[in-house]
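The chain contents come next:
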Amino acid sequence: MELIKPDIAFKRELSRLSGSQLNQCMQCGNCSAVCSLAPAERPFPRKEMIWSAWGIREKLMGNVDVWLCHQCGDCSTSCPRDVKPADVIAAVRQQTYLHYARPHWMGKLLSDPAWLPVAIALPVVVIVVILMLAGTFRIPEGPVDYSAFFPHGWLNGSISVITLFFYGLAFRGLRKFWQDMQQQFPAETGQKRGLSLVMVLGEVLSHSSFSGCEGKPVRKIAHMMLFFGFGLLILTTAYAIYATISHHYPLTLNNPFKMMANLASLMIFTGLGIMVSQRLLNRRVFGRSGYSDWLLLASIGLLTLSGLVVELARFGNWTLAYHLYFFHLVCVWFVIIYLPYSKMGHIFFRTTALIYARRIGRK
Amino acid sequence: MMAEKKHMALALCSGCGIGAALDTDKLTAAATGFAGNLPCMQHEALCSESGLDVLHRFTKEHEVDHLAIAACSPRVKSEEFSLTGIYVERINLREQVAWVMEPGEEDTQMCAEDQTRMALARLHSISEIRPYVPDHVNRDILVVGGGIAGLTAAREGAEAGYTIHLVEKRKIPGGYAGRLYKLSPEGAGRNTLSEPDIQELVREVQENPNINLHLETTIQSISGEPGNFTVRLQHEKEQTIGVGAVVVSTGWKPYDTNRLGHLGYGASRVKTLEEFEQYVRTDAVPGRVLFILCAGSRDKEHLPYCSSYCCSASLKQALYVREKNPDAEVYIVYRDIRTVGFQEEFYKMVQADDAILMTKGSVESVREEHGEVRVVVKDSLIANEVTIAADMVVLATGMVPNSTIDLQLQYRQGSGLPEIEYDFSDSHFICFPYETRRTGIYAAGTVRAPMDIEQSREDGAGAMMKAIQSVESVKRGEAVHPRSGDMTFPELFMERCTDCKRCTEECPFGMYDENEKGTPLPNPARCRRCGICVGSCPERVIGFADYDINSISAMIKAVDVPDEFEEKPRILLFICENDAYPALDAAGVSRLRISPFVRVIPVRCLGSINKVWISDALAHGYDGVLQIGCKPGDDYQCHFIHGSELTKKRGENLQETLETMMLEPERIRTQFVEITEHHAIVSIINAYVEELEAIGPNPFKSM
Amino acid sequence: MNSTTLVIGGGISGITAAAELADAGRQVVLIEKEPYLGGHVAGFHNYFPKLCPPSCGLEINYQRIRSNPRISYYTGARVTAIEGGYGHYEVTITLEPRLINNRCTSCGKCAGVCPEEPKAAYIPGGLAFPMKYTIQADLCKKEACGKCLEVCPYDAIQLDACAATVEIEVGKIIIATGWSLYDAGRLEHYHYQQEQDVVTNLEFEHLLAATTRENRQLTRPSDGKVPARIAFIQCAGSRDVNHLPYCSAVCCGVSIKHALTLAEAYPDIATEIFYIDIRLPGRNEKLLERAKATGRIKFTKGKVGRIIHHNNRSGLTLEVEDVMAGGKRYDAFDMVVLAMGMTPNHIDKDLAVNMYGFYLEGQPSGIITASSCKRPMDVSSSVKDATAAALKTMRR
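In order, the protein sequence lines correspond to chains A, B and C.
So the first sequence is numbered by our numbering: it starts at 4 and just counts up by one.
So the second sequence is numbered by our numbering: it starts at 25 and just counts up by one.
So the third sequence is numbered by our numbering: it starts at 25 and just counts up by one.
Check the hints yourself; a few may be wrong.
[Stated by the list, open to error] EDC-like mimics (lysine to aspartate or glutamate), calculated; alpha carbons at most 16 Å apart, straight line: (1) C:LYS74 - B:GLU563; (2) B:LYS635 - B:GLU563; (3) A:LYS8 - B:GLU396.
[Unchecked claim] A partial selection of chain A residues facing chain B, derived with a Cβ cut-off under 10 Å: (4) GLU5; (5) LYS8; (6) ILE11; (7) ASN26; (8) MET29; (9) ARG49; (10) ILE53; (11) TRP54; (12) TRP57.
These are calculated hints, taken from the structure and not from any lab test.
No residue lacks a Cβ here, since even glycine has one placed at the ideal position from N, Cα and C.
So that you can see chain A by itself, here it is in the shape it has in the complex:
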């Protein structure tokens, strides 16, 4: 028999993050009924709403279902008590990054605006230290050459090591997440893990879950733009690293990879534009976007923007080029290194949860 330990502070945090008077939920079940992604057995989000109202953290943290939600907002628009289940679920996801953050302070760093200066200071300090170690902590003379400022070896090496270090730590959090899901949603008749992975990859690439949400094609388009734009940029970065090794870096403007990167930037800006305008214009559906949401949009936006500006600065031999490059690196840090601890963490958490869900046949 379960002894319930209501955690009012946790509940209030969910309420704050979601902007929902979630305690006013009357458990009518309308949300679960209208949700086109909720599984037939133990559907969401009605049960997550009562758990949120009672502040039952352990039922919400290792919860597969909150990751099945793609935030279409159907439940919120039709909620008779206007308690915004979609936003509450989003808040639960946000709390999940925090809950499984390893080290824990990294989660805190990215979920609380008060810690933003520290979050910025960290990459600044680390990059300065690396530059000092490399002995290149000064503005180089002559035409703009970023490798003169941050030698490629140092750059690729140090960033890779730091990324791997944090991802390694974060992986421990993900493992705990997996274990918690196993406990809460024990597998009965499951599918093979490999197949689940393929299924999820297919879903992710096709954005099929977005189509499940009724009448919101705009959201699907926006996310696809961002997703594939981001993917292309990663690809370009990989090629760029290869280029630095094979010594034909920097890339020329007519290099197909460079062209691809520019196209990717355009895609990202389009996606971001849609997302921001939707958030501002259609509050009822998209709910109240919190700090982590805006932080995510801002970091991606700034990363892409600074990437373009840095490129222009190189061609134009701007005097500020190295400062902008430094800024770009901080943005890279925000998006790549902070990834498991921020809203970007959904890439890991949602994928993990989806794999688990398909593995236990939950759909």
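Model the placement of chains B and C on the given structure of chain A, informed by the hints.
Frame of chain A; chains B and C shown alone:
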């Protein structure tokens, strides 16, 4: 019985298809053949301006005082056919003959002629109506119980200009509502608990010169009848007052906590709503308080009903907890949250406090251990079975109505108000909620049904209205609901009374008291004029001026019963005026077909049918007697509560009598219909006629 | 000080207030906007919890009105102006022409020859009050047809009748204008407008009433077949911030009554009630017990999310979470009844209302509001409140 000779007459309308269905000249001939020198008139539209003009001249010319109008149902054109100074008997030739029987047929004609003869026989045998108006009618009104309903009743009655005696057994008026810490908001758009305002009402009552407040006073006895109740009060010494009517608002008490051991009652950390209401005033509220709703309510083992106030009272107390201890958490375990109407807003308002946590669920056990109370909840929304730990548990216990025995009614049928269901003194009538089975005594507030403060206030005012109405009706010599305006009342021919007590037992309204020998002592102002006593009396000593043994017998005998060789059966149909009669009219409006072999006698209530009428009918050669009335049973529709029930019972006895007479038990049949069942009533009648045709003629026919 | 009381609204509340006052010796004028008295309840099949017909109590009240000379009444009447104040209100009443005058004997010849479908000349059943025919102006072709004029033997047809006004002076006014059903068309997710077999609780009530009146089986509107499965959706547009945020107090009782009526009369119809909370306060709990005891009515906690609309398929699929069982269901029903809530009816005069438009208790002196125009309530409470309102007009 008649002082002077009656001037009877017949007015016949041939409109609306009556003329086409019947030979009206033959009908007039039959009437004069029956009643001798009977002035008759005919018109093709009696209710038209010209028809009424002719009618008025006709009645004037013949100095008519008793008029039979053979036309449409008495339920229509009542204004047109109510003639000053003339007793009018309506013969329903339209809805119940011309519209439901084959036009031009001999059987239809015979039916119309019989119905006309029956009406004339009745007119001939009834006596003059003299209303019962006591010499002195007391207009003062007694209100018993000084809670919210009683105080409101008193104030409203006094404002309307009546003198009120308000009796309260406690030292301080205000009742349950007066002991509340705070009140939940009423109506829409109010968002805070309010301070109790009952003291304002108490002050208004205390200051009103029309209200005599009797505190710490008990009732020794209430005797008499509406308009003339004598009330003996006991304060320090005894005092006797006279009132015309009574409002009973004695309220409620919480359900017996001794029976709530299974919910942990008895442990120091387990309280009831009532206890917690007082507890919060003085004591420290602990950090975790759990409310169990429907504690001992909606439960066959305890109170089977819902007390309707506990949900909002618990929500209100949840706010007390939060007010008294801002760090406290509240848990509420409910079955259904019943915040009806605008109270839904209050529910939401309470939920706006995020330390008040709620779940549906059923409580399995409540145990005190480790210095806390552990409550096991099954089928909760959180999980199938959960345990919630709390520092205090509040049981939302239900309402039990206070007994009305303390009224000390000096009635033969008991000293309290008859209770219909779960000890509530309610009418069980949806359309007439204030009626009790004691005329002039009206129940208000929670003694009548579970309700909240707002409803109790409305109830107090409504019951006072009924009380005032009852006094005013007595003054006019009229009956109250449901035969409002009826000026007849039962008169007893005491010489033949054998003190058998049937009437005193069977009257649904306790009209009859008894002396020590068992002789009935009528209190006519208590009477609702149903005539059940007429039906109950084996010595046939009870009758109303226009509804007695002789007049109905005369109607029965006025029918021309053909002998057995004609194969024309005759069925006497006693039909209750209240629902079955309108249903039969509606069958007419729908032009359904009924057998022309039935002869209809409307009765005040099935319960008013005297056995002698049935034996008269069978002796006169009718082949069967069909009685159709309102539905009996728990959900009765009988306007006089148990008239139909009684008839059912009496019918069973009658059938035994039939068997001893060597008659088939099928010759008497009792059936029940609802007012809307005009198709059913037609099938019942026609099926019964067919059944009797199969059985064959009544052997008494040719005797 | 005029001692006559005007009662606006001839439904159960207005009738009660008028009859109670008249029985207490007061002069009363009762007005009703429809051609017949009785309001909503006159069209009801039965009342809960006793499942008894409303006409029974109405008949008693009609009898009181017929026999009490202190009541006069107008039907087809609307208040168009109220002037003056406490003790001397001057009220203008506009009488809609019923195109049939008081000479009508209810013989039914006019309806017999009326060629329109539905008939322009009608009477709503054999228990109607007043028992007189009415011609619905919008359905009647007037002189272009004139068939009824030819057959009426009583000179009762007046196809050219115009609206008339009556001015009366009264001392006090009781407002008992009652309620209207919330617009079901606004619940787009239930496809009320597209699906014939999605009906409101009021429409279902009328369907049941017609079965008794016409002595026939209950059939569904789309194809006239007897439905095998009927779903009742509680709180359809009630307790909902997007529609009516309040609870209408009667809809649970009404649906349970409907399901129980079906369970007792149609052994083959399966019913299911989808609810948020079952709200049947007080002694009406008995009705719930009785419904459960039939074993044929399923109660499921869960607000129906939507009715899936198939363009060319019959059957209505409900999307709902069975909250207590914790599963989502897509179930097909033959007919769906929406338990819709009440909205208040108003008169043509600005009176104080609450945030939902219901009349407040506090009005200009001498104007008393009663019953369901004040807050949603059931019949018994309405009668109770109307009686209380009657007394309030007797205040000196």
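Verification of the hints:
As the CA atoms of LYS74 (chain C) and GLU563 (chain B) are separated by approximately 37 Å, the hinted pair breaks the 16 Å bound. As the CA atoms of LYS635 (chain B) and GLU563 (chain B) are separated by approximately 10 Å, the hinted pair is consistent with the 16 Å bound. For the proposed pair LYS8 (chain A) and GLU396 (chain B), the alpha carbon gap of about 14 Å is at most 16 Å, so the pair holds. Because the closest C-beta pair between GLU5 (chain A) and chain B is about 5 Å apart, less than 10 Å, the hint holds.
Look at LYS8 (chain A): its Cβ gets to within about 8 Å of chain B, closer than 10 Å, so that hint holds up. Because the closest C-beta pair between ILE11 (chain A) and chain B is about 6 Å apart, less than 10 Å, the hint holds. Interface restraint check for ASN26 (chain A): the shortest CB-CB distance to chain B comes to about 4 Å, inside 10 Å, so the restraint holds. Taking 10 Å as the C-beta contact cut-off toward chain B, the hint placing MET29 (chain A) at the interface holds, the least distance being around 7 Å.
With 10 Å as the threshold, the beta carbon of ARG49 (chain A) comes within range of chain B, its nearest partner Cβ sitting at about 8 Å, so the hint holds. This hint holds: ILE53 (chain A) has a C-beta 5 Å from the nearest C-beta of chain B, less than the 10 Å allowed. For TRP54 (chain A), the suggested interface contact is upheld, since its CB lies about 7 Å from the closest CB of chain B, less than 10 Å. The closest approach between the C-beta of TRP57 (chain A) and any C-beta of chain B is roughly 5 Å, which is under the 10 Å cut-off, so the hint is satisfied.
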